[in-house]
Amino acid sequence: MILLLLILTPSAAALEVKVTQSSYQAEENHHITLEWTFPAEDTTRNIFVLCDLMASRKTSVLYLVYAGVEISESVDEGFSGRVQSDTDALREGRIRLHLSRLRTEDSGLYVCEVRTASGSGFDSCQLNITEAAAQPQIQKPPRPQPDTGQTRHHYGLIAAAAAAEVVLVLLIHFTTRNKRSHFVWQSNNLSVRSILNHKSLLLKVSDRSDLQTVLL
Numbered sequence: 018m019i020l021l022l023l024i025l026t027p028s029a030a031a032l033e034v035k036v037t038q039s040s041y042q043a044e045e046n047h048h049i050t051l052e053w054t055f056p057a058e059d060t061t062r063n064i065f066v067l068c069d070l071m072a073s074r075k076t077s078v079l080y081l082v083y084a085g086v087e088i089s090e091s092v093d094e095g096f097s098g099r100v101q102s103d104t105d106a107l108r109e110g111r112i113r114l115h116l117s118r119l120r121t122e123d124s125g126l127y128v129c130e131v132r133t134a135s136g137s138g139f140d141s142c143q144l145n146i147t148e149a150a151a152q153p154q155i156q157k158p159p160r161p162q163p164d165t166g167q168t169r170h171h172y173g174l175i176a177a178a179a180a181a182e183v184v185l186v187l188l189i190h191f192t193t194r195n196k197r198s199h200f201v202w203q204s205n206n207l208s209v210r211s212i213l214n215h216k217s218l219l220l221k222v223s224d225r226s227d228l229q230t231v232l233l
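According to my numbering, the stretch in the sequence shown is residues 18 to 233, in order.
Among the hints, erroneous ones may be present.
Distance windows between CB atoms, simulated [said to hold, decoys possible]:
#	residue 1	residue 2	range
1	Asp105	Arg160	52 to 62 Å
2	Thr76	Arg111	18 to 28 Å
3	Ala31	Arg111	37 to 47 Å
Simulated from the structure, these hints should not be mistaken for lab results. As the structure is a prediction and not an experimental result, all values here were calculated from the model. Idealized CB from N, CA, C, for every residue including glycine.
Let the sequences and hints guide you as you build the complete structure.
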């Protein structure tokens, strides 16, 4: 408590502290970097920094520097292990806080106050964390059924039916062909017989004509 009072005690002069961005938007489980600037000092021993989150009537400390030394024990349990700072940036007059594994309860007003030998000042930014978008569920294609005895029997019946159909078509084809050949053969025989009968009749008629001629 005494340490916090020392940091928050106003100095005689105002120190210009600026946040690089006044508003941030991020999604939970992602990460973000918050940054403030202030006039650089010759040594970090004169730098005192307090950064906290003001949300839902609760103040949570996420970064504390006393005489240039970071006091990690004072960080709120909710930010423990999730805040990384750039110590070298303090020499350049910058405060860089990297927040990882963001949560929706991290939303709120972030305030950083800096006190040096030149004076003190603060600035704030608003951070809004939204819930992660639901991942679409990808439907997996149905797994092929294992080959069983029933499946093989089913395919065997299909193959047998196809073979029987082929045999039936061949039988019909050859039967029809034989019938046609038999019909042609009978027709040819009938034609031959008709011709022979016709010739025989002509011979008989011819013989009679000759006989009549002789008789006359």
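Hints, one by one, checked against the model:
no.	hint	verdict
1	Asp105 x Arg160: 52 to 62 Å	56 Å, holds
2	Thr76 x Arg111: 18 to 28 Å	23 Å, holds
3	Ala31 x Arg111: 37 to 47 Å	19 Å, violated
The structure is inconsistent with hint 3 alone, although it conforms to all the rest.
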